[in-house]
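**Student:** If you read the protein sequences in the order shown, they are chains A and B.
Note that my numbering has the first sequence beginning at 260, numbered continuously upward.
Note that my numbering has the second sequence beginning at 1161, numbered continuously upward.
All the given hints hold, so there is nothing to weed out.
Below, in silico cross-link-like pairs of lysine-lysine (BS3-like), each with a Cα-Cα straight-line distance of 25 Å or less:
no. : chain 1 : residue 1 : chain 2 : residue 2
1   : B       : K1217     : B       : K1230
2   : A       : K359      : A       : K328
3   : A       : K327      : A       : K317
4   : B       : K1231     : A       : K359
5   : A       : K359      : B       : K1230
6   : A       : K327      : A       : K359
7   : B       : K1217     : A       : K359
8   : A       : K328      : A       : K317
9   : A       : K308      : A       : K359
For the record, the hints were derived by calculation from the structure and aren't laboratory data.
Keep in mind that this is a model prediction, so the values were computed, not measured.
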Amino acid sequence: AQSVTQLGSHVSVSEGALVLLRCNYSSSVPPYLFWYVQYPNQGLQLLLKYTTGATLVKGINGFEAEFKKSETSFHLTKPSAHMSDAAEYFCAVTPTGGFKTIFGAGTRLFVKA
Amino acid sequence: NAGVTQTPKFRVLKTGQSMTLLCAQDMNHEYMYWYRQDPGMGLRLIHYSVGEGTTAKGEVPDGYNVSRLKKQNFLLGLESAAPSQTSVYFCASSEGQGARWGTDTQYFGPGTRLTVL
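Modelling step: build the complete structure from the supplied sequences, incorporating the hints.
**Tutor:** Dropping the structure here:
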């Protein structure tokens, strides 16, 4: 069965520092990959997704993620953290040919001034 | 264009009581989903619908029922609430064109925080 592992339930960075949120999936066939963000007291919204084509995907708010098949990873990065990036981030996968999305447990990002 | 809306935002129930959560979307999406979010567990799919008049079980369907009588609405019912159903419930919708392949983006409502005492 598909699974998604997000390393670190909490990540803390200083404002202006690099943000790196890790996501690994388990699948013999590469799935479709998503990152969603949840701001306090709100629903999830899509940051970016990988379906086909270029393995480096750019999303909203300066975030990007790279699909690495050999490492079964889809880590999320942002060069310079902003206070407004404080939120919970969810990595998600959908198996190729299926539509039931499987979500990771989430990583809460804290940004220190 | 309101997107996905959920009613109510908060609710407190006693064990054994029943309630219905309403989800509405104005994007003409075919697919709709109900998830529950619990700390450290991410989102888990309760039930979903691939079109008006259809419903199907997700990962954690026990204790819940759903109906999709109109394309824009997806109702989640708890017949006899239990403390284990204390959670935040999210409704989502997606277009459906890419859903069968797994590429759809899901659009989420703001959530309903339910406490069962």
